[in-house]
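**Q** Below are the chains, spelled out letter by letter.
2 protein chains.
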Amino acid sequence: MRGLVRAGILPTVTVAIVGGTGDEGFGLAVRLVVAGVPVTIGSRAQDRAEEAAGRARAAAGADAPVDGAENPRAVAGAELTFVTVPYAGQADIYRSLKDHWPEGAVVCDTTTPLATAVGGRPTQVLRPWHGSAAEQARALLPEGVRLVAGFHTVSAEPLTDLEEPLDADVLLCGDDPEAKAAVGELVERIPGARWVDCGPLSMARILEPLTAVLISVNRAYGLEGSGVRLTGRDAWGRPAR
Amino acid sequence: MRGLVRAGILPTVTVAIVGGTGDEGFGLAVRLVVAGVPVTIGSRAQDRAEEAAGRARAAAGADAPVDGAENPRAVAGAELTFVTVPYAGQADIYRSLKDHWPEGAVVCDTTTPLATAVGGRPTQVLRPWHGSAAEQARALLPEGVRLVAGFHTVSAEPLTDLEEPLDADVLLCGDDPEAKAAVGELVERIPGARWVDCGPLSMARILEPLTAVLISVNRAYGLEGSGVRLTGRDAWGRPAR
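These protein sequence lines map, in sequence, to chains A and B. Using our numbering, the first residue of the first sequence is number 1, and each one after it goes up by one. Using our numbering, the first residue of the second sequence is number 1, and each one after it goes up by one.
It is worth saying that the hints were derived from the structure and are not from the lab. Idealized CB from N, CA, C, for every residue including glycine. One thing to keep in mind: the hints can contain errors.
[Claimed, not checked] Which bits of chain A does chain B cover? Going by a derived footprint, with three or more residues having C-beta under 8 Å, they are: (1) 197-211; (2) 231-238.
[What the hints assert, rightly or not] The calculated label-pair distances, taken between Cβ atoms and stated as ranges, are: (3) A:Trp129 - B:Lys98: 33 to 43 Å; (4) B:Asp234 - A:Arg95: 14 to 24 Å; (5) A:Asp234 - B:Pro142: 44 to 54 Å; (6) B:Asp99 - A:Arg219: 44 to 54 Å; (7) A:Asp161 - B:Glu51: 48 to 58 Å; (8) B:Pro86 - A:Asp63: 55 to 65 Å; (9) A:Trp129 - B:Pro200: 22 to 32 Å; (10) B:Asp23 - A:Arg233: 12 to 22 Å; (11) B:Val118 - A:Ala58: 47 to 57 Å; (12) A:Ala58 - B:Ala115: 25 to 35 Å; (13) A:Glu178 - B:Glu51: 45 to 55 Å.
[To be verified] Take a look, some chain B residues computed to stay more than 10 Å from chain A by CB distance: (14) Val34; (15) Ala59; (16) Asp63; (17) Asp67; (18) Arg73; (19) Gln136; (20) Leu140; (21) Pro191.
Looking at chain A on its own, in the form it has when it is part of the complex (with noise of 0.2 Å):
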C-alpha cells in the first residue's frame, strides 16, 4: 500500500489514532486531518470515538476526512497508528489490539511514563522495566509491526491551536529507518513542525522523560506549551547517511 502512496496513486498513509479522544491524540489527529491525511480516531467506545470525530471535524471542516472507530477497528484499517495514551493504560490497550495489527503496519507510541500513573507528580517519571514505555509496547507488538516513539515534547495545546504553525521540532526514534521515515513524512504535512531522527527504540529511555522536564518549564514560566527545537542544523528529516 505504501508503494501506492509513494507512487503518488494513492494521496497518504491512512492514519488511526488510538487515544484520539484525548488532548494530545485529537491535537494530533486535528492537524493532520487538516493537513489531508485521512485519519479514524479509536476510542474504546464507538461513541465517544464518533464524537471526537465530530469536534475534528467542527475544528477542521465539514469535509475534513476524519471518523471515530473502535480501537480494534481502527487500528486494522490504518497503515500508521498514533498511540497517545497515558502510561497507566498502556500495556493494557496494547495487549488488546495485539491481534488486530495489519502485518508491517508502522505504529508511533508518544507515552510518557509520568510519575501520575502511580499518583505521583507530573514533573516526575517512572523508570519502565524495559527501559522505557516504547520498549515496553515494543514487547507487546507483533513481530512484523514497526515501532517508533516520538511526540514527547510536543504538547496538546500548541497542537489545537491552528490558527500557528508549529514551533516545535518532533524528536523520533525507533529501529527501522523507514518506519521513522514513514511517521516523518506525516510530521512535515503540519506547518512549522520538522522531524529529528535521534537514534534507536531504546533512545526512547531518555526522550519520554523530557514530558516531565517541559512540564516543570510549563509551571515555572506559566506556560501551557513549551517545546523542543534542534539547532545545528536549518533542515533535518531524514539522515543521508
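Given the coordinates of chain A, assemble chain B onto it according to the supplied hints.
**A** Relative to the frame of chain A, chain B by itself:
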C-alpha cells in the same frame, strides 16, 4: 562578595573552571573571558592549567582576564566554579576539593554519565546511584555550597567558535534559585545564549542524558555541535514566580 557585584562595585563574579583544559571547559572559559569575566582555569597540574590559560589568551586576546591554577587553588579563589570533567573522574575530583570550597560558593556541574566511563558508547548513559551525576556531586559537596547542573546540551565546538553567537539554550536545574540565577547571569553574557530554569536538581536525571541524544544526532547528520532551544516563549531567564 556577590552583593558587591550586584551593586556594580565589582565588575563580575570570579569564576573557576575545573576541567578547563578539556574541550567543554576550555570553550566555556574562552566565551566567559571574551565577555570580560575573570576566569581561572583549573587542572590537576599547574603547568597544564597555565598552558590552557595561554591558549585562551591566544583565542580571546592577550589582555583576556584568564589564568591557570591547580584545582584546589582555583576553586578556593572563585565565587562560582564550573566542573566540566568526564564522569569517570567526577567523584574523585569532588572528594579532592572537599576542603577548598569557599562558604556559599556556587558550583555548576556539567557532567553527563556517558557509558564511555566504563568503556561503553557515548550514545548511551549510566544511571548513577544518586539518580544523576549532579546528585552524586551534591552528596560530595559541603552543605553551604550551592549546586546547579546544566550545559549538558551545549557542546564544545560551538562554544569554541567565537565567530558565531551560540545558537543554544542552557538548561539549568538546581534547588537554589539564587544559584541558578547566578549561573544564568554568566550564560547571558555569551552572545546568543539564553538560560532556562528547568526545576530542581533531580531534573539532572533527565537533562544529563540529553548529551547522548545529541551525540547520536551529530553522528546521524554529520554534525559536530547540535544543541537545543526551547520554544513557547521568546525570553527565558529567571522565572517571575
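**Q** Is the nearest Cβ of chain A still more than 10 Å from the Cβ of Gln136 (chain B)?
**A** It holds; Gln136 (chain B) is separated from chain A by about 17 Å at its closest Cβ, greater than 10 Å.
**Q** Is 12 to 22 Å respected by the C-beta to C-beta distance linking Asp23 (chain B) and Arg233 (chain A)?
**A** holds, 20 Å
**Q** Going by Cβ atoms, does Pro191 (chain B) stay more than 10 Å from chain A at every point?
**A** The claim holds: Pro191 (chain B) sits with its nearest Cβ about 14 Å from chain A, beyond 10 Å.
**Q** Beyond 10 Å from chain A, beta-carbon-wise, is Asp67 (chain B)?
**A** holds, 32 Å
**Q** Just to be sure I understand the hint, the distance between the Cβ atoms of Pro86 (chain B) and Asp63 (chain A) should be within 55 to 65 Å; is that true here?
**A** holds, 58 Å
**Q** For Val118 (chain B) and Ala58 (chain A), compare the CB-CB distance with the range 47 to 57 Å and indicate the outcome.
**A** holds, 55 Å
**Q** Go check the segment 197-211 of chain A versus chain B for me, would you? Three or more residues, Cβ under 8 Å, otherwise it fails.
**A** Held - the segment 197-211 of chain A has 10 residues with a Cβ nearer than 8 Å to chain B, which meets the minimum of three.
**Q** Note whether the CB distance of Asp234 (chain B) and Arg95 (chain A) lies within 14 to 24 Å or breaks it.
**A** violated, 45 Å
**Q** Holds or violated: the 22 to 32 Å window for the beta-carbon distance between Trp129 (chain A) and Pro200 (chain B)?
**A** Because 26 Å falls inside the window, the suggested range holds.
**Q** Given the hint of 44 to 54 Å, is the C-beta distance from Asp99 (chain B) to Arg219 (chain A) inside that range or not?
**A** Given about 38 Å between the Cβ atoms, the range is violated.
**Q** Take a quick look at Asp63 (chain B) and tell me if its Cβ sits farther than 10 Å from every Cβ on chain A, holds or violated.
**A** holds, 31 Å
**Q** Checking the smallest CB distance to chain A, is Val34 (chain B) really beyond 10 Å?
**A** Val34 (chain B) clear of chain A: closest Cβ-Cβ about 20 Å, beyond 10 Å.
Of the hints listed earlier, those the structure fails to meet are numbers 4, 6, 12, in rising order.
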